[in-house]
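Visitor: What follows is each chain in one-letter form.
Protein chains: 2
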Amino acid sequence: MLWKFSQRAQAQKSSVIREILKVTEQDDVISFAGGLPSPDTFPIAEIQSAVNTVFASNDVYGALQYGPTEGYAPLRQWIADYLSHRDQVAVSADEILIVTGSQQALDLIGKALIDEHDKVLVESPTFLGALQSFNQYNPEYIAVESDQEGLIPESIDDELAKSAKFFYTIPNFQNPTGRRLSVSRRQALAVKTKLNDLVLVEDDPYGELDYRGQRLPALYTLARENTVYLGSFSKILAPGLRLGYVVANKLFISKLVQLKQASDLHTPSLTQYIAYQIVSKNNFLSQHIPKIRQLYSTRCQYMLHSLAQYMPKEVHWNEPEGGMFIWVELPQNMNATELLREAISRKIVFVPGETMFAQRDKTNCLRLAFVTVPEEKIDRGIKILAEIINQHIKK
Amino acid sequence: MLWKFSQRAQAQKSSVIREILKVTEQDDVISFAGGLPSPDTFPIAEIQSAVNTVFASNDVYGALQYGPTEGYAPLRQWIADYLSHRDQVAVSADEILIVTGSQQALDLIGKALIDEHDKVLVESPTFLGALQSFNQYNPEYIAVESDQEGLIPESIDDELAKSAKFFYTIPNFQNPTGRRLSVSRRQALAVKTKLNDLVLVEDDPYGELDYRGQRLPALYTLARENTVYLGSFSKILAPGLRLGYVVANKLFISKLVQLKQASDLHTPSLTQYIAYQIVSKNNFLSQHIPKIRQLYSTRCQYMLHSLAQYMPKEVHWNEPEGGMFIWVELPQNMNATELLREAISRKIVFVPGETMFAQRDKTNCLRLAFVTVPEEKIDRGIKILAEIINQHIKK
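These protein sequence lines map, in sequence, to chains D and H. Add 3 to the 1-based position in the first sequence for the working numbering, that's all there is to it. Add 3 to the 1-based position in the second sequence for the working numbering, that's all there is to it.
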């Protein structure tokens with residue numbers, strides 16, 4: 004049988020990294036590779052209690068039946084109220100679409116906006132999963148310049164901004180760099196994009212994971228009309244529920260609803276009912292999120308300590324104020340993908356940064372995830388990694 | 004803000020029918036419109052017990068964490084074993100992909116196979132949700148001829164079969180016609196498609212709802228290499244779980260996995276773990292499915308009885324052997340969409356058939372769903388519908 008795949012399907016390549024990482028899922032491997040939240044943060048008792056509440060009432064029929072494409076109405080309303088309070092801005096339930104994880108939002112946004120060869124602005128590096136979603140619709144990527152403070156709004160050409168379909172950005176504790184965009188740059192970016200009618204796609208899965216609980220203003224509060232905000236329950240409840248949401252102008256939401264209906268009809272009702280039961284009770288998140296911040300902050304400090312202790316001076320990294328990742332820059336002539344092969348032979352894994360650059364033009368970076376690794380393993384893993392890097396530098 | 008939607012998004016239209024039906028969700032309306040399974044069939048106690056089992060073990064961490072795009076391995080294995088036994092054919096777990104409802108399978112298949120203006124064969128009429136999914140990739144539809152026994156394989160031109168990307172068919176108790184394809188036509192279709200390397204997409208959500216439990220051979224067992232089989236838990240467990248699966252050649256599955264990863268990463272882990280707990284215990288489906296068949300058969304007989312009692316002789320319908328739908332043909336000059344407006348004013352709703360024809364060339368048909376309507380309401384609703392139709396005929 005010869006399968007006549009579409010051009011879009013032919014262009015999808017199996018990730019080499021994913022294949023490499025597949026062989027490393029044994030127990031004795033120290034993995035800094037995954038973007039998984041720590042299972043220690045899963046509110047297991049609350050989820051089970053939420054299930055019991057749903058099953059003890061007539062809600063159970065709604066939780067098991069087909070539901071509206073837009074999502075479970077009480078959950079949409081809860082999100083609207085939560086954001087209105089958190090971000091000091093009026094959000095209404097009909098500006099919200101529930102999605103099967105933020106990854107689905109990225110797919111739907113690509114579907115809604117990208118025609119072949121359309122220009123899409125991205126940070127450099129950016130979230131690999133976003134590139135994979137958008138790739139399906141074959142855009143032309145333009146990398147926006149950035150430094151340690153994140154993207155540089157002034158570097159965006161006005162003509163380019165006018166002609167591009169959207170700018171995809173993760174302003175808080177970016178994946179993969181861990182960087183947070185400064186307030187002044189947020190303001191400049193809002194002005195720049197409003198001026199040029201450029202759609203901002205603000206992906207914010209890590210915004211709540213600010214170690215000191217000092218939230219900076221979300222872009223959608225600064226550029227309301229032209230921003231599509233993506234929120235997620237994956238890092239504050241549990242990713243296995245696959246629950247995210249989109250906040251945008253009603254017209255844009257109604258287009259996403261049409262596309263979502265054709266894509267999976269609706270997000271599972273049961274998981275939406277469960278999430279609603281948990282978050283709507285006793286201000287649950289206000290007690291739960293600080294615990295996650297505490298755990299992640301501690302592990303981050305631990306990894307930073309290990310890096311400072313073992314890494315040669317030629318290696319640089321950032322000190323994140325939140326989130327799940329540290330971004331490491333090796334000397335220019337080193338290749339992180341080659342380093343990974345060696346690291347695997349010593350039972351250490353991480354993700355090389357190359358595939359996270361739309362143009363794949365930088366090969367000496369790597370991403371370290373620290374939140375799922377116990378502290379003694381962080382120390383051991385970083386020590387071994389430093390040894391391997393040191394051997395390369397001395398060659 | 005002017006949204007610069009993609010061409011594909013601009014082409015998506017809000018369904019007029021959906022808008023009409025939205026206003027009819029009051030309690031006093033008798034709805035023959037929905038394609039919803041009866042909530043009386045939801046195995047509520049078993050689902051709750053399954054949740055408790057998952058939460059009582061270490062499985063809970065897997066159920067709440069990110070999981071493989073392919074789906075939960077034990078569930079894939081269970082499906083492989085179930086189908087191997089049911090259909091007397093060897094199916095392996097790596098030929099199976101778990102999807103977020105069959106609707107997602109339709110989207111992924113469109114993504115994987117359709118380039119703009121590619122030919123796609125469909126039954127006429129066919130499932131509206133499939134047309135909506137495929138429309139996103141802008142194919143050219145070719146309607147395959149059919150009669151009361153379903154599609155007519157000999158009517159498919161060999162050259163057309165060679166050049167088309169796939170043929171989408173629902174062989175069992177089709178949506179919307181309720182028809183089941185005969186064994187001889189299944190065999191002829193298998194020969195025809197194998198000869199021409201034509202991909203068959205066999206959508207089978209209703210296959211288990213055979214009132215007499217006499218399953219006819221699935222197309223994928225007759226044309227294994229070139230058939231993509233879609234199964235669903237929506238009609239035998241609960242649609243709110245959003246769980247379906249694809250069975251196909253490993254190469255095709257691996258392409259769908261890449262596309263699914265970019266579309267929603269994976270189907271929620273929790274719902275997969277729950278479904279696995281239910282179906283893997285004590286041969287659950289072998290006791291549960293007969294109850295659904297019994298209920299649906301009774302309601303079907305009831306509606307057939309009401310139709311025979313009230314409808315004028317100019318109106319025709321089929322007598323389904325399974326599934327959830329009866330297909331009604333009005334006199335040629337009657338328009339079912341106009342009839343719907345009148346019916347709504349008398350608090351009866353149904354779905355007009357027009358949008359279910361790829362070419363929208365037939366306006367005198369309608370679909371009646373009977374499984375969610377209590378028997379006294381079936382009688383009252385059909386009586387009123389017959390009155391309205393009678394008035395039209397006498398005009």
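Worth double-checking, as some hints may not be accurate.
Intra- or inter-copy, both count: the list cannot distinguish identical chains.
Straight-line alpha carbon distances no greater than 27 Å define the calculated DSSO-like cross-link-like pairs of lysine-lysine that follow [said to hold, decoys possible]:
(1) Lys122 x Lys398
(2) Lys397 x Lys386
(3) Lys16 x Lys122
(4) Lys365 x Lys7
(5) Lys397 x Lys350
(6) Lys398 x Lys197
(7) Lys197 x Lys7
(8) Lys16 x Lys284
(9) Lys397 x Lys197
(10) Lys284 x Lys195
(11) Lys253 x Lys7
(12) Lys7 x Lys165
(13) Lys380 x Lys294
(14) Lys195 x Lys16
(15) Lys386 x Lys284
(16) Lys253 x Lys365
(17) Lys386 x Lys16
(18) Lys398 x Lys316
(19) Lys253 x Lys16
(20) Lys350 x Lys365
(21) Lys350 x Lys398
(22) Lys253 x Lys122
(23) Lys195 x Lys7
(24) Lys197 x Lys284
In short, the hints are calculated from the structure, not lab data. All values reported here derive from a predicted model rather than from experimental measurement.
Visitor: Now tell me, hint by hint, if it's right for this structure.
Guide: Tested hints:
Taking the shortest Cα distances, Lys122 and Lys398 never come within 27 Å of each other, neither inside one copy (42 Å) nor across copies (59 Å). For the identical chains of this complex, Lys397 and Lys386 are intra-copy neighbours only, at 16 Å inside a copy versus 89 Å across copies, given an alpha-carbon limit of 27 Å. Taking the shortest Cα distances, Lys16 and Lys122 sit within 27 Å of each other both inside one copy (21 Å) and across copies (25 Å). In this assembly of identical chains, Lys365 and Lys7 lie within 27 Å of each other by CA distance neither inside one copy nor across copies; the values are 34 Å within and 32 Å between.
When the C-alpha separation of Lys397 and Lys350 is checked against a cutoff of 27 Å, the pair qualifies only within one copy, where the shortest distance is 22 Å, while the shortest distance between copies is 82 Å. Within a single copy, Lys398 and Lys197 get their C-alpha atoms no closer than 51 Å, and across copies no closer than 59 Å, so neither meets the 27 Å cut-off. With identical chains, the CA atoms of Lys197 and Lys7 are at most 27 Å apart between copies only, with a shortest distance of 14 Å across copies and 43 Å within one. In the homo-oligomer, the alpha carbons of Lys16 and Lys284 never lie at most 27 Å apart, since the shortest distance is 44 Å inside one protomer and 39 Å across protomers.
For the identical chains of this complex, Lys397 and Lys197 are neighbours neither inside a copy (51 Å) nor across copies (61 Å), given an alpha-carbon limit of 27 Å. Proximity of Lys284 to Lys195 under the C-alpha cut-off of 27 Å is found in neither arrangement, the shortest distances being 40 Å within a copy and 59 Å between copies. For a Cα distance limit of 27 Å, the shortest separation of Lys253 from Lys7 across copies, 15 Å, qualifies, whereas the shortest one inside one copy, 38 Å, does not. Taking the shortest alpha-carbon separations for Lys7 and Lys165, only the inter-copy value of 11 Å comes in at or below 27 Å, while the best intra-copy value is 37 Å.
For the identical chains of this complex, Lys380 and Lys294 are intra-copy neighbours only, at 21 Å inside a copy versus 54 Å across copies, given an alpha-carbon limit of 27 Å. Taking the shortest Cα distances, Lys195 and Lys16 never come within 27 Å of each other, neither inside one copy (35 Å) nor across copies (32 Å). In this assembly of identical chains, the alpha carbons of Lys386 and Lys284 never lie at most 27 Å apart, being 44 Å within a copy and 48 Å across copies at closest. Taking identical chains as interchangeable, the C-alpha atoms of Lys253 and Lys365 are never at most 27 Å apart, the minima being 39 Å within one chain and 34 Å between chains.
Taking the closest pair of Cα atoms, Lys386 and Lys16 never come within 27 Å of each other, the shortest separation being 34 Å inside a single copy and 58 Å across copies. In this assembly of identical chains, Lys398 and Lys316 lie within 27 Å of each other by CA distance solely inside one copy; the values are 16 Å within and 92 Å between copies. For a Cα distance limit of 27 Å, the shortest separation of Lys253 from Lys16 across copies, 16 Å, qualifies, whereas the shortest one inside one copy, 35 Å, does not. Taking identical chains as interchangeable, the C-alpha atoms of Lys350 and Lys365 lie at most 27 Å apart only when both belong to the same chain, with a minimum of 25 Å there against 64 Å between chains.
Within a single copy, Lys350 and Lys398 get their C-alpha atoms as close as 22 Å, which meets the 27 Å cut-off; across copies the closest is 82 Å, which misses it. Proximity of Lys253 and Lys122 under a CA criterion of 27 Å is satisfied intra-copy only: 24 Å inside one chain copy versus 35 Å between copies. With identical chains, the CA atoms of Lys195 and Lys7 are at most 27 Å apart between copies only, with a shortest distance of 18 Å across copies and 44 Å within one. In this assembly of identical chains, the alpha carbons of Lys197 and Lys284 never lie at most 27 Å apart, being 38 Å within a copy and 57 Å across copies at closest.
Comparing the model with each earlier hint shows violations of hints 1, 4, 6, 8, 9, 10, 14, 15, 16, 17 and 24; every other hint is respected.
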